[in-house]
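Knowing the structure of chain C, use the given hints to seat chain W on it.
2 protein chains.
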Amino acid sequence: MKIIEGGVTASKGFESASTEAGIKYKNRKDMAMIYSQTPCKAAGTFTTNIVKAAPVKWDQKIVKESEFAQAVVINAGIANACTGAEGLGYCEKTAQAVAEVLNVPTDAVLVASTGVIGMQLPIEKLENGIKAMVPNLDGSIESGTESAKAIMTTDTKKKEVAVQIEIGGKTVTVGGMCKGSGMIHPNMCTMLAFVTTDIAISKELLQEALSEDIKDTYNMISVDGDTSTNDTVLLLANGMAGNPEITEKNDDYKEFCKALNYVNETLAKKMAGDGEGCTALFEVKIVGAETKAQAVTLAKSVITSSLTKAAIFGHDANWGRILCAMGYSGAQFDPEKVDLYFESKAGKMQIIKDGVALDYSEEEATKILSEPEVTATADVKMGDATATAWGCDLTFDYVKINADYRS
Amino acid sequence: MKIIEGGVTASKGFESASTEAGIKYKNRKDMAMIYSQTPCKAAGTFTTNIVKAAPVKWDQKIVKESEFAQAVVINAGIANACTGAEGLGYCEKTAQAVAEVLNVPTDAVLVASTGVIGMQLPIEKLENGIKAMVPNLDGSIESGTESAKAIMTTDTKKKEVAVQIEIGGKTVTVGGMCKGSGMIHPNMCTMLAFVTTDIAISKELLQEALSEDIKDTYNMISVDGDTSTNDTVLLLANGMAGNPEITEKNDDYKEFCKALNYVNETLAKKMAGDGEGCTALFEVKIVGAETKAQAVTLAKSVITSSLTKAAIFGHDANWGRILCAMGYSGAQFDPEKVDLYFESKAGKMQIIKDGVALDYSEEEATKILSEPEVTATADVKMGDATATAWGCDLTFDYVKINADYRS
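For the record, the sequence lines run as chains C and W. Residue numbering for the first sequence follows our numbering, beginning at 13 and increasing consecutively. Residue numbering for the second sequence follows our numbering, beginning at 13 and increasing consecutively.
Hints may be right or wrong, so weigh each one.
You can't tell identical chains apart in this list, so a pair holds if it fits in one copy or across any two.
Said to hold, decoys possible - Simulated pairs of lysine-lysine, DSSO-like, Cα-Cα distance not exceeding 27 Å:
(1) K349 with K69
(2) K393 with K69
(3) K281 with K412
(4) K379 with K36
(5) K281 with K270
Treat the hints as calculated values from the structure; they're not laboratory data.
Extracted from the complex, chain C is given alone in its bound form:
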C-alpha cells in the first residue's frame, strides 16, 4: 500500500469543485461538490440519532434504492436538521439543480449538510452555488483540497488522505476527505466523510466493507459524547481502475479493506485530533480484554470522560480518573489487576501495576503528556482482545466555541 497525495479527487474519474455560496459564513468557501465521470456504486453509514437531518434521510434512500450515484453536494453553515417537510424538500431541490446541470438522474445525487440545527437552507443560494461550481469541476489534487477546506465548520485543519494498492495488475486508489468529529459521539456540527475509489466491486461488498470498517475507525472516536443529527460516511466506487470486479471475499477484497481501513482510520484520527478547542490527540488502548466488545466499551468510556479529558489538557497524570472511567463503563474487570502506561514521543512509562500506583516521577509523566499525541494503554489481564479509541482533551476553547456557536 502506497500513501499518495490528495483526497477525494485522487481516484480515477473523480472531480470536485467548491464555491463561496454565502450560506452563513462570510468570505470563505462553504459549498463543495464531488462528481464521478461514470456512475458509481454507493455505500453509506449514517447517524444512529433518532433525530435525523433531512440530508441523512435523503441519502439513506439513495444508497438503498438507487442503482447508482454520481454526485455529492455538501454545504457548511446550516445542518438542515429539525426542519420538517420543508427541509426535506430542499434536499430534493438541491439534487434536482445538480441533476439538471450535470444531466444525471435526481436520485443519483447525494447531499450533505453541516452547521446549525433548526434553520432552513437558503435554497436560492445553494442553487446559485451549484451553477457556479459545475463549470469548475476538476480532477486535480488542488481541487479536492479546496473542497476539503470548503466543508469545514469549527475545524481548524482540512482533512484528507489517499492510498494506492495493486489489484489484478491494476492500480486502485482510495481517497477521502472529512470534517468534524465522531460517528458515535460526534462534534456538534457533525462528522461528514466522503471516500472515493476507482475500484470495481459489487455494491453489496462495498457496503459490507464500509459497515465493518467504521466499527474500528469512525465509531471509535469521540470529541464530546454528542451524537449528531447529520453524521454521514459515503463511499463511492466508479470501477475506473479496470480491475476484475470483486464479487467475493477473496484476497483482493481483503487488500481493498486494508486500504479502506487506512483511509478511514487516518480521517477518523484527524477528526479526533482536531476536536473543538483541543490541543492533543488522546489515544486509549485496551489490551488483555476478554472480548472485543469489552475492550471497546472500556476504551470509549475513557476517551469520553470529561475529567480525564481535562486532565490531559493539564498534562496531569491523573490516572485515577482513567481507572474510574473504566469502572463506570459497564464492562466487567478486576480493578486490582489493571496495569496502566502512558506513552508519547517523549517516552513510555508504567504508572500503575495491579491497580495501585507505582512510585513514578510526576515530572517525567507530565513530560510524556505534554506532547500533541498521547497514548494511555490499560492491560486488564483477562484475555487477548484489544481495542483502540481516539479522543482529545477538554479545553477552555471547547467551552468558548460552544457557548457562543450561533452568534
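Only chain W this time, still in chain C's reference frame:
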C-alpha cells in the same frame, strides 16, 4: 411539613464536630464527624462504579451486617480509592480510633472520604483529628453547619437542609448535608450525602425509603457524566422522636417518605447548582412520556450533553442541541411531535412546536436563559409519564478546576 434551619444536627440526639486535620488542604477544616447519642438504624446507597473506594466497601458491610451504627467520620482531600489492602486497612483503623474514644463498637462506625484518587491516607493525621473532634461534639445548628463546610472540596457553598413533620403526635425531624455532585454522574471528587432523622422505623423500611427516593433525587443529577468511585448516601435513624415505630407502609411511612424526598431533592439540587465551575442550575423536565423509564432516559441525556451545557453557559437558546441529545438517548419518540419550552424567573416561552422552531424572539429567550436557575420542558406527547433531572452549565472554570486539580 415545616422547613427548619440546620442540617445533620437538626434531629434529636445528633451531634457533630469538625477540625483542621491537615490532610491535604491548608488553613481550613477538612474532617467532620456525626454522632448519635443512641444507636441508629443505618441505610445506605453507594456508587455503581466497579472501582469502589475503600470507605464504600467498609460502609457497605456495616450497613448490611451491623445491628446498628452510631458515628460517621468524613475526610476531604484524599478519596482513599485505588489504594488496595492498605487503604481498606485505614478504614478499619479510623473506625477503631473512633470506637475507642466514643466507646462504641468498631462496626458501628461509618467512614467516608472524598478527594484525589490513588493517594494513601495519612492515618496519624486522621487519628489526631478524631481525638480533637470528640471533645467538641455538639448538637447545635452551628456545629452541623461547620461540618457541612469541612467536607467541601471544589464545592463553593455548604449544603444542608432540614424539615419537620408530625407522626403519631410526635415531632419528627429529617435533616442532612452533602458535598459534590451526582450519584450516577458525580463530580470528580464525589458526592457524599448524610441524612439524619430521629424517627423510629424498621431498618428494612428505612433502607427501602432511601433506595426508592434516590431514583428521583441524587440519581437525577449530573455535573459531568463521571461516576465517582466514592459516592455514598447514608441515612441514620435513632428513634428519639418517640413516635410509634413504623414497621409497615402506612400513612406515617408515606409522610416520612415525603420529608425524606424534600431533604434529598433539596440536597441534590444544591449539588447540581454548585457543579464545578457552573453559573446556572439547569433543570430538564420531560412530560407526556409513555413510561417513567423513557422520561428518565430523555431527561438525563439532555442534562449530560456537553453541547447543551455549553449553550446554557452562553445563554444561547440552541434548542437543536436539546432535541439532538434526546435523539441519541436511546429512548424512542417522534421528533416531529416534540414541543419545547424554556422557563425561568424572567418568564416562560415556547421555542419549538411539533419539532420545528416557532418564530420566537432570540432576545427574549436569552433573557430567560440568563437567570441562575433555568428550566427546559419537553413534551413528547406519548402518554402521562414525567421525569425531572438537574444539571448545570459547562464553563471555562470547569476546565480550569479539572485541568489542574491535583496541583
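Which numbered hints does this structure break? Checked against the structure, no hint fails, so every one of them is satisfied.
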